Amino acid sequence: MAKYMILIYGDAQQWDAMTDEQWKAHDAAHESFVAKAGTQIIDGQQLEMAPTATTLRSDSAGQIQTTDGPFLETKEALGGYYLIEATDLDEVLSMATLLPEVHASHSGVEIRPVVDHG
Amino acid sequence: MFSTTAHLTRDLDLAEECTQDAFAQALETWTETGVPDRPGAWLTTIARNRARDVLRRESVFRRKMPLLVADETTPGPEDGLVDDRLRLIFTCSHPALAREAQVALTLRLVCGLSTPEVARAFLVQPATMAARITRAKKKIAAARIPYRVPGPDQLEERVSAVLEVVHLIFTTGHTAPLGAQLVRQDLVDSAISLARMLHLLMPTNAEISALLALLLLNASRQDTRRSADGRLVLLSEQDRSRWDRQLIAEGRSLVTDALRRRPPTRYALEAAIAALHAEAPSWRDTDWAQIVALYDALFRLWPSPVVDLNRAVAIGLRDGPRAGLDALNPLLADPALATYGYLSAARADFLRQLGQWSQARTAYEEALTLTDNDVERAFLSERLTEVERNL
Numbered sequence: 001m002a003k004y005m006i007l008i009y010g011d012a013q014q015w016d017a018m019t020d021e022q023w024k025a026h027d028a029a030h031e032s033f034v035a036k037a038g039t040q041i042i043d044g045q046q047l048e049m050a051p052t053a054t055t056l057r058s059d060s061a062g063q064i065q066t067t068d069g070p071f072l073e074t075k076e077a078l079g080g081y082y083l084i085e086a087t088d089l090d091e092v093l094s095m096a097t098l099l100p101e102v103h104a105s106h107s108g109v110e111i112r113p114v115v116d117h118g
Numbered sequence: 119m120f121s122t123t124a125h126l127t128r129d130l131d132l133a134e135e136c137t138q139d140a141f142a143q144a145l146e147t148w149t150e151t152g153v154p155d156r157p158g159a160w161l162t163t164i165a166r167n168r169a170r171d172v173l174r175r176e177s178v179f180r181r182k183m184p185l186l187v188a189d190e191t192t193p194g195p196e197d198g199l200v201d202d203r204l205r206l207i208f209t210c211s212h213p214a215l216a217r218e219a220q221v222a223l224t225l226r227l228v229c230g231l232s233t234p235e236v237a238r239a240f241l242v243q244p245a246t247m248a249a250r251i252t253r254a255k256k257k258i259a260a261a262r263i264p265y266r267v268p269g270p271d272q273l274e275e276r277v278s279a280v281l282e283v284v285h286l287i288f289t290t291g292h293t294a295p296l297g298a299q300l301v302r303q304d305l306v307d308s309a310i311s312l313a314r315m316l317h318l319l320m321p322t323n324a325e326i327s328a329l330l331a332l333l334l335l336n337a338s339r340q341d342t343r344r345s346a347d348g349r350l351v352l353l354s355e356q357d358r359s360r361w362d363r364q365l366i367a368e369g370r371s372l373v374t375d376a377l378r379r380r381p382p383t384r385y386a387l388e389a390a391i392a393a394l395h396a397e398a399p400s401w402r403d404t405d406w407a408q409i410v411a412l413y414d415a416l417f418r419l420w421p422s423p424v425v426d427l428n429r430a431v432a433i434g435l436r437d438g439p440r441a442g443l444d445a446l447n448p449l450l451a452d453p454a455l456a457t458y459g460y461l462s463a464a465r466a467d468f469l470r471q472l473g474q475w476s477q478a479r480t481a482y483e484e485a486l487t488l489t490d491n492d493v494e495r496a497f498l499s500e501r502l503t504e505v506e507r508n509l
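The listed protein sequences correspond, in order, to chains A and B.
First residue of the first sequence? That's 1 in the numbering used here, and the numbers climb one at a time after it.
First residue of the second sequence? That's 119 in the numbering used here, and the numbers climb one at a time after it.
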C-alpha cells in the first residue's frame, strides 16, 4: 500500500455562493467517498478559507517574515484534503471521481503520492 | 522480454538494466555453447532471474519484497508475452502522464527505439528527451501507476489515449517533420504493429478497428509517394497500380466494421475517407462529394483547423479551384494555421490552376519557408519555378 494526499482546490467565492441545497448534495457526495474509501482514509479535513492563512518565509537577509494570507495568492485555493492509503494510482483515481469538487466547474483535486521512507 | 521483466519488477529502469544484462550474458554464453533452441525464452529467463535477484537483495534491505514483486504465478514468457506488451502499452499511455511523455515512453519501451531516435522524431535534443523519459518513469514509480490493462469500466477512456499515441507515432513516421527522408519507416512499422496487436487482443473494439484501417489504408500508398529519384509524388499523380491491394482490402473490411458503430468515431470517418481514395480508379474519378460529406461529419465530431483545411481542399476538388479558394480564405485568419505550410501550399495550388501567377508565387514562397522536410521542399521549389516561368 502507498499513501496519497488528495488536495482539494476551488474558487472560494463560488463555494461561498453555494445554497444550502447545494451544500447538502456536496456533503452527500463526500459521504459516499468516505464510505467507499472506508478505513483507507487516514485523515481528512476541510480547511478554513484562504484569507485565514498565515505564511512564514525568509527574506533575502534570512530574516523570517510572517505574513497574512496563503503562500500563493490565487483564485483557486486549497480548501481541504484527504490522506488515503491505496494500492496504486488507479485505485485513488477511481475513488477520487466521487468527490464533488471533481465535477464542479470551478474546482478540482490534485493527487500527490506521499514519499515512502521505508 | 522487456515487458515480461517489467511486469515482474514494476520498475522500468530495473527492467531495462536486466534485459541489457541478459543480452550481455548471451554474448558470453552463446559463443561457448552455441545459440539455444529458443533464444527469446532463454534471454527472458535470464532477465527475469536477474530481476528477482536484485529485488530479493533490495527487499532484505528495504523490506519491500511483498510490495514490489508480482505474484509468483506470473505467466511464462510464452503465454504471457502479448498480455505483457499490452500492459506495457497501457502503462506508457496512462492518462496521468503528459501526452508527449506517453508517446516518448511508448516509442522507447514498447517499440524499442533508442532515446536519441525518440528525440529525433520530436525535434528535441537527446538530453532533453532523456530528461523527459526519466521524469515519466519516476512518476510511474512514485505515483504507482499500475502495470495493467484497465478494467471494463475504464477501458474505453484508456483505449482512446493509447490509440492517440499510436496515431501520433504513425503520423510522425508517415511524413517526417524534418530531414532528408519523407518517411520514417521504423515509426510507421511500429505504429502498425501496435495497432495490429491491439486489434488482435480486442477484436470487437470499433475504435481500434477504425485506427488500424486508417493506418493500413495510408500505408498502402507508401511506395508511390516518392519517385525513383526521391521526389514527392502527390496523390493525384501516384501510380495507383502500385498501391498495396492486400492492405487496401484489409483496411476496407475493417472500415466496414468500424462504421457499424453509431455515431461513427473520428478514426472511422478518417478511415472512410482514406478508403474512398483507395477505391477510386483515378484522381478525377474520386467521389469528392462523399469525401466532403465525410469531412463535414468529421468536423462536427472533431472541430480542428486541419480538418477544416482538408474539407476546404475537398470542396475545391468537387467544385473547382475558385470554390476551393473561397473555402480556404476564412482559414487565413485562424492563428492555429498561421505557420501551417499545407494551407499556403493548398492555396498556391488553386491559384496556380486559376493562372493567378503572382499570388501563386507568394503562396509557394510562404509554403517553402514553413516546411523543414527536404522532399517537400524540393517539390514546392519545382512548382515555384513553374509558376515563375508564367509571370
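Hints were generated in silico from the structure; no laboratory data involved.
Predicted, not measured: the structure shown is a model, and the values here were computed from it.
Keep in mind that the hints are not guaranteed to be accurate.
The following label-pair restraints were derived from C-beta to C-beta distances [as the list claims (entries may be wrong)]: (1) D16(A) x D304(B): 52 to 62 Å; (2) Q13(A) x A496(B): 50 to 60 Å; (3) W23(A) x E218(B): 33 to 43 Å.
We put the beta carbon where it would ideally sit given N, CA and C, even for glycine.
Checklist entry - Honestly, which of those hints from before does the structure not fit? => result No hint contradicted; all consistent.
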